[in-house]
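Participant: Given next are the chains, with one letter for each unit.
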Amino acid sequence: MTTAPTIYAARETVAIRSENLCRHYRMGETVIRAVDGVSLDVRAGEFVALLGSSGSGKSSMLNLIAGLDRPTSGSVVVRERDLAKLSREELAKYRLHVVGMVFQSFNLIPSMTVAENVELPLRFAEVERGRRESLALEALDRVGLRARIAHRPTELSGGEQQRAALARALINRPQLLLADEPTGNLDSHTGIEIMDLIREFNQHLGMTVVMVTHERALAERYAQRMISLADGRLVDDRPHTPHAPGGAREARP
Amino acid sequence: MKIPDLSELAVRNLRESVLRNSLTTVGISVGVASLVAMLSLGTGLQQMFTRRLEKSGLFNTVVVSSRRDARGMGSDNDPNPAESRVLDEPARREMEKLPNVAEAYPDIRFRTDLHFEGKLHSTVVSALPQSAKSNDAFDGMQGSFFSSDTAPEAILQKSFAEELSGMKPVPGDPEPNTADLARPLLGKEITLLYAQREAAAQPPLRPSDAGSSDSVAGTEYSVISREQKLKIVGVCDLDPESMRGMMRGRLFVPQKLAESLHVMGAADLRELSHAGDEPVYGSISVRVKDPSKVNGVEDAIKKMGFSTFSILDASRSLQQVFKVLFAFLGIFGSLALTVASIGIVNTLVMAILERRREIGIMKAIGASDADVKKLFFAEAGAMGILGGIVGLVFGWAIGQIINFGTNIYLRRQSIPPEHFWAVPWWLAVGAVLFAVIVSLVSGLYPASRAARLDPVQALRYE
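Line order of the protein sequences matches chains A and B.
To convert, take the position in the first sequence, counting from 1, and add 65; that gives our numbering.
To convert, take the position in the second sequence, counting from 1, and add 48; that gives our numbering.
The shape of chain A in the complex, shown without the other chains (with noise of 0.2 Å):
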């Protein structure tokens, strides 16, 4: 585990920056403009919450910090890479060894058992066997879910899934926990487990967290910054103290 020292000399880098960011698509005639010009940048170790509407274009957001999708123009450097001029393959080892992702409707892939979901990525990154299982067990048990890594994810409730969810997000240990609606499929109690889960990586494994969300009540209470997309514009960006008890310890002013 990163200890705490590390942490606050990382919090000072840069973890993510984004100059005039665009991602437009074309329907037709239409162009829309999902991303549309939006400069910022994370410091390593924060925890920032992505707000706004339906259609803001946040989780287009997400996708291009992710990698998952490409800028139509502007930049976007994670970690002193820029994400724009790398090859597919080179994007996909990125999405292995330095990002993280959770979703709002958990992803797990049905045919698999919770274990075999969580070490999904070590096989990706061609880790033996005994390795990935003793990984994928360690995940496990720091989400709490030892006792179900047999069974499938329908047998599981929300909250569980969402937790071997975040497990397999944390199997590489990446840098970047990229989180798209985390509680949107939750109640209200059941989400409150899981971002507390989700604080715990950012303040005791030193990752970057970016989350995605329309509740501002829950963003509120975890992020230590707030930053609000419309029609895919950068309409405000402040620094938050959280509410949550144990909240995060390095919030900025």
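No lab work stands behind these hints, which were simulated from the structure alone.
A few of these clues could be false.
[Unchecked claim] Part of the chain A face toward chain B, derived, beta carbon under 10 Å:
hint : residue
1    : Met92
2    : Gly93
3    : Val96
4    : Lys158
5    : Tyr159
6    : His162
7    : Met166
8    : Ser170
9    : Asn172
10   : Pro175
11   : Ser176
12   : Glu181
13   : Ala190
14   : Ala234
15   : Asn237
16   : Leu262
[As the list claims (entries may be wrong)] Some chain A residues well away from chain B (every beta-carbon gap over 10 Å; in silico):
hint : residue
17   : Arg82
18   : Ser119
19   : Asn128
20   : Leu133
21   : Val142
22   : Arg146
23   : Pro186
24   : Glu258
25   : Glu280
26   : Arg286
27   : Asp301
28   : Arg303
[To be verified] Below, simulated PhoX-like cross-link-like pairs (lysine-lysine); rule was C-alpha separation at most 25 Å, straight line:
hint : chain 1 : residue 1 : chain 2 : residue 2
29   : A       : Lys150    : B       : Lys145
30   : A       : Lys158    : B       : Lys421
31   : B       : Lys145    : B       : Lys337
32   : B       : Lys236    : B       : Lys279
33   : B       : Lys181    : B       : Lys145
34   : B       : Lys181    : B       : Lys277
35   : B       : Lys216    : B       : Lys279
36   : B       : Lys351    : B       : Lys145
37   : A       : Lys158    : B       : Lys50
Where is the CB? At the ideal position from N, CA and C, for every residue including glycine.
Given chain A's structure and the hints, the job is docking chain B onto it.
Facilitator: Below, chain B without anything else, positioned relative to chain A:
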């Protein structure tokens, strides 16, 4: 991704849509089965023909004659004495010692008269060594082969048996059954009338009396009229000497018996000009162990100074015919596999549609295009291996059933059963390999289509 992980995931994915993948695999199996069935039929037929030809002795026999015969057309311009060696017993022994030679025996055949039940007949008598027993002409014979190489026994060719029993068919009438022909003849006696040469009692001439090598000198003999009683032991349907043309034998006697008769023949004129004590032969048949070695043996015998003749070239053109037949059977057999390959493409394209989201998830958590491609490739390959193996067993079983059924029919027609179906190891391995290759080629398009999927679009897919 490592190969064991890839295989594990591929098999898991195939199990997820058991029915559809099973049906696709059955399609491959049927394709492989038809390919195996066609090619094993071709191989079986080729093996059967080769076996038959080998048994007929046509392709592993070299007929050796002296070059003196070729020279004897009046031209005497070949000064090399080695070129005109006498085909005698030492030469025969020398040939027998050549590598890859199974045996070398003198061709004894003569036209003679014989008595049977008071009637005089005339035919060509030919001597057969014991090794001729495996000749397929004697496979379905009535009676039995000679009890020994010196036994006073005879085997009749069917046409001569018809002549002896007076059952010569009128053109247009059905041929008489060999069994019916043989029944009254077997065990009966025929008397061979022949001219025996006998060495004269006087001592050989002194060497100083011998003139040039071409002068008539050496052994002298007298010709005595003799009789030899023979018991008919068999009647054969096929003609074991079809290559001999007009001089083909119609009555066969054991080799050693024929040699002991010292029948006066054309070769004896050569013997007159040969000053040795050893017998001289008109021609010698050299049986080679393997038809592929005939060329080498022929060359070695030519170097000894003799003329040779074999019909190996005919076998080469037969091989050519089989290659063409093979190609045709292979093409027809592959058609079903081609149809099956379309099934694979269809199944995998359907799988991409169904697993679109899954592909998106895998890409989001770090799978490369190559990983996704390999996964679909592995699934196609797994279907190919499974379909190939099942198809091989299926094709083999079809062959066995058809072989079995055909042999029942052949037995009813009093034809000896045949094994005309063969699945050699190279066909078995080749068929499975071919199925895998066809499957992988079929997987090429779906795999690259899956690999090219946009992860954002794929993740949106419900």
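Participant: Are the hints correct? Go through all of them and say.
Facilitator: The hints, checked one at a time:
{"no.": "1", "hint": "Met92", "result": "14 Å, violated"}
{"no.": "2", "hint": "Gly93", "result": "17 Å, violated"}
{"no.": "3", "hint": "Val96", "result": "17 Å, violated"}
{"no.": "4", "hint": "Lys158", "result": "7 Å, holds"}
{"no.": "5", "hint": "Tyr159", "result": "9 Å, holds"}
{"no.": "6", "hint": "His162", "result": "7 Å, holds"}
{"no.": "7", "hint": "Met166", "result": "5 Å, holds"}
{"no.": "8", "hint": "Ser170", "result": "9 Å, holds"}
{"no.": "9", "hint": "Asn172", "result": "5 Å, holds"}
{"no.": "10", "hint": "Pro175", "result": "8 Å, holds"}
{"no.": "11", "hint": "Ser176", "result": "5 Å, holds"}
{"no.": "12", "hint": "Glu181", "result": "9 Å, holds"}
{"no.": "13", "hint": "Ala190", "result": "7 Å, holds"}
{"no.": "14", "hint": "Ala234", "result": "8 Å, holds"}
{"no.": "15", "hint": "Asn237", "result": "7 Å, holds"}
{"no.": "16", "hint": "Leu262", "result": "18 Å, violated"}
{"no.": "17", "hint": "Arg82", "result": "22 Å, holds"}
{"no.": "18", "hint": "Ser119", "result": "14 Å, holds"}
{"no.": "19", "hint": "Asn128", "result": "5 Å, violated"}
{"no.": "20", "hint": "Leu133", "result": "5 Å, violated"}
{"no.": "21", "hint": "Val142", "result": "20 Å, holds"}
{"no.": "22", "hint": "Arg146", "result": "15 Å, holds"}
{"no.": "23", "hint": "Pro186", "result": "5 Å, violated"}
{"no.": "24", "hint": "Glu258", "result": "22 Å, holds"}
{"no.": "25", "hint": "Glu280", "result": "21 Å, holds"}
{"no.": "26", "hint": "Arg286", "result": "26 Å, holds"}
{"no.": "27", "hint": "Asp301", "result": "25 Å, holds"}
{"no.": "28", "hint": "Arg303", "result": "29 Å, holds"}
{"no.": "29", "hint": "A:Lys150 with B:Lys145", "result": "80 Å, violated"}
{"no.": "30", "hint": "A:Lys158 with B:Lys421", "result": "16 Å, holds"}
{"no.": "31", "hint": "B:Lys145 with B:Lys337", "result": "12 Å, holds"}
{"no.": "32", "hint": "B:Lys236 with B:Lys279", "result": "6 Å, holds"}
{"no.": "33", "hint": "B:Lys181 with B:Lys145", "result": "22 Å, holds"}
{"no.": "34", "hint": "B:Lys181 with B:Lys277", "result": "22 Å, holds"}
{"no.": "35", "hint": "B:Lys216 with B:Lys279", "result": "22 Å, holds"}
{"no.": "36", "hint": "B:Lys351 with B:Lys145", "result": "14 Å, holds"}
{"no.": "37", "hint": "A:Lys158 with B:Lys50", "result": "16 Å, holds"}
Checked against the numbered hints given earlier, the structure breaks hints 1, 2, 3, 16, 19, 20, 23 and 29 and satisfies all the rest.
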